[in-house]
Amino acid sequence: MVVKVTLKDGSIREYQKGTTLARVAADISGRLGREALAASLDGRLVDLATPLERDAGVVFYTFDDEEGRQVFRHSTSHVLAQAVQRLFPGTRLAIGPAIADGFYYDFDSPVRFTPEMLEKIQAEMESIVEEDLSFERLDMSRQEALEFFRRAGEDYKVELINDLPENAAISCYRQGEFTDLCAGPHVPSTGRLKSLKLTGLAGAYWRGSEKNKMLQRIYGTSFPRKSMLDDYLFRIEEAKKRDHRRLGTELDLFSIQEEGPGFPFFHPKGMVLRNELERFWREVHRKRGYQEVRTPIILNRSLWERSGHWDHYRENMYFTRIDDSDYAVKPMNCPGSILIYKSRLHSYRDLPVRLAELGLVHRHELSGVLHGLMRVRCFTQDDAHIFMLPDQVKDEITGVIDLVDYFYSVFGFKYRVELSTKPEKAMGTEEIWELATGALEDALKSKETDYKVNEGDGAFYGPKIDFHLEDCLGRTWQCGTIQLDFLMPEKFDLSYIGEDGQKHRPVMIHRVVFGSMERFIGILTEHFGGAFPVWLAPVQVRVLPITDRQLDYGREVTARLEREEIRAELDDRNEKINYKIREAQGLKIPYMLVVGNREAENGTVAVRHRSAGDLGPAGLEEFVSRIREEIRTRSV
RNA sequence: GCCGCCGCAGCUCAAUGGCAGAGCAGCCGCCUUGUAAGCGGGAGGUCCGGGUUCGACUCCCGGCGGCGGCUCCA
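If you read the first sequence in my numbering, its first letter stands for residue 878, the second for the next number, and so on.
Hints should not be assumed to be uniformly reliable.
What the hints assert, rightly or not - Across the chosen pairs, the derived CB separations fall in these ranges:
1) M1091 with S1048: 43 to 53 Å
2) I1174 with V923: 54 to 64 Å
3) E1318 with R1019: 50 to 60 Å
4) I976 with Q1020: 26 to 36 Å
5) D1203 with E1024: 51 to 61 Å
Stated by the list, open to error - Subject to a maximum C-alpha distance of 25 Å in a straight line, what follows is the list of computed DSS-like cross-link-like pairs (lysine-lysine):
6) K1465 with K1117
7) K1118 with K1103
8) K1164 with K1329
9) K1118 with K1090
10) K1271 with K1219
11) K1291 with K1324
12) K1118 with K1465
13) K1118 with K1291
14) K1146 with K1368
15) K1103 with K1219
16) K1291 with K1322
17) K1465 with K1291
Note that these hints are calculated values from the structure, not bench results. Computed from a predicted model, the values in this text were never measured in an experiment. Glycine included, C-beta positions come from ideal geometry on N, C-alpha and C.
Between the sequences and the hints, there should be enough to build the whole structure, so can you do that?
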């Protein structure tokens, strides 16, 4: 009997029923036969060993496809588990999925793994690849599977099986002596997993809950070719050079010292950057109808009890006493802003009221999570609280979405959007949460934004839209967020006078765009690898005299630039020009002006750009107007 | 907070129980220099507290801090 196979280009081929997908791939082309890792059969991801039973649409996946890479890495994680059980019998298996650039497997083992053992495990994995064991799918009944893993002492697998839905198909995969519970699919055999490397060792809680036992997680990655692995490792090394912690030191932007873990120090150059960002921020916010405020860092306990922070946020707060009463250091700016709103009566005509605050907050974060400027214990949020009429909610939310998009586009950032819903520790009723979450969702839909839902990740007083940016290693950090809040207005008995002359309850939005100045500067630093756009560069121009005979002219040039409010430095050291250029390049200063006799005589400068290189001579005034334009337009 | 690793000069790294070293940066001097490292000289250090030892950077215990994860969040 013949079955028809429809390929992704729309072409149709005919095969005998029972022909495996591997044969089909090889029939299409020799190359596809060698490179195909898995396939989808009418949209279902399957092994290449799967036989054709009926007419179907088939797509083959190779390492070039996300699906192919996932299958490849997941298969490698099985090899890891096999190697570990060969070397360390008695080790129980938890889970071992593929992740962005590789895979991991979690183990519960009587032995404590060390980096040296990792090398042995990797060697064992390589020999399993050498053995070229085929991955064999075993469909099992729930009963069979439970018995099998119970006998093997694999308690975690038993727990996983028990938690599978009633009607779930249960399958295992076997390669050689090793069998693991797995939905699949897998590559045909271990021999395909040519080039692999174990990259890390870490603790991880079973099922991601700190209440559970901590397991040992081994991270790794794999590729079909050694050269691809080498490229990957090289890229990682290059990315590390953009790490904001490293650049922060090299470029003298900031430091974090033992005396204040998680409390960053901003150095003069870092402050220039920060002030430029704030200047830009104020300019835009003024235009968008925000009014700037500033509220105190330390406020009385009663305020925090009223806001709900005392009950819901206490473990993240710092406390102090003043004249025998309790005070807290603010972890958020909202209660302060609310007090300003409450300090006078508001008419419906005044709304929305948008109070913006570059507010310094302190939060006690667990020591293990601190990370350069990305995760700190004190930071300045570019906060704002919008008090509005219920029917202004949608416009205000979309307005903030537009604002965030505008800011990020200025820096050339790509971002991801997530919608975070009601957490376990939340105030307020289910209905209010549904209302607020629905409003955020509506706004996202009306903007046709792609977003992912993050269940249970909202703030304790409301759901939020989060904007995530990537660091140099592809880790993402929440920066902007928009939170819709019906609860604080209630708690603080906020009101406005409506058309009817009666008091009504306003709705509130909490929002940040940069997120925190600290985190944003971290992201910015990694994004540009320290080579900030001219408008942000702490030093925009360095003047480099060839010899000290041109020092006077160099001073003149520097002074001229400074009169134009261009941040310029003179390198007046008695050094060779190559040396001065090398250093300025290392500091990623956008423009270097080389001045020697020729320039001094003609009133010109020899312009060098940090990435374009030598741009030749230019009149000083010409250079001034060019760079001023570049700064004015904030070009990146 | 939890798991693993790590902590030596401003930075990057040597020194496995026996006098603590190198490169770069900084300082001094020489060189007067044309688009990514000129030459020479001096100065500078073992995270903190205990313990073992004739002797500890090194081994042990505790603390503090960092890195990578987990959990948690801007």
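Evaluate the given range 43 to 53 Å for the C-beta pair formed by M1091 and S1048. Violated, at about 29 Å.
Going straight from one Cα to the other, do K1103 and K1219 come out at no more than 25 Å? Since the Cα atoms of K1103 and K1219 sit roughly 65 Å apart, the hinted pair is violated (cutoff 25 Å).
What's the verdict on K1118 and K1465, does the C-alpha distance respect the 25 Å limit or exceed it? Holds - the C-alpha atoms of K1465 and K1118 are around 13 Å apart, at most 25 Å.
Taken at face value, is the distance from the CA of K1291 to the CA of K1465 at most 25 Å? Holds - the C-alpha atoms of K1291 and K1465 are around 23 Å apart, at most 25 Å.
Hey, K1146 versus K1368, does the alpha-carbon distance stay inside 25 Å? violated, 43 Å
Has the given pair, K1465 with K1117, been kept, meaning a C-alpha gap of at most 25 Å? Holds - the C-alpha atoms of K1117 and K1465 are around 17 Å apart, at most 25 Å.
For the pair supplied as a hint, K1118 and K1090, confirm whether the alpha-carbon distance does not exceed 25 Å. violated, 36 Å
K1118 paired with K1291 [C-alpha distance capped at 25 Å]: It holds: about 21 Å lies between the C-alpha atoms, which stays within 25 Å.
51 to 61 Å as the expected CB spacing between E1024 and D1203, which holds or is violated: holds, 59 Å
Please verify whether K1164 and K1329 have alpha carbons no more than 25 Å apart. violated, 31 Å
Note whether the CB distance of I976 and Q1020 lies within 26 to 36 Å or breaks it. Given range 26 to 36 Å: holds, Cβ gap about 32 Å.
Would the hint linking K1271 and K1219 be met if the CA-CA limit is 25 Å? The hint holds at about 23 Å.
Checked against the numbered hints given earlier, the structure breaks hints 1, 3, 8, 9, 14 and 15 and satisfies all the rest.
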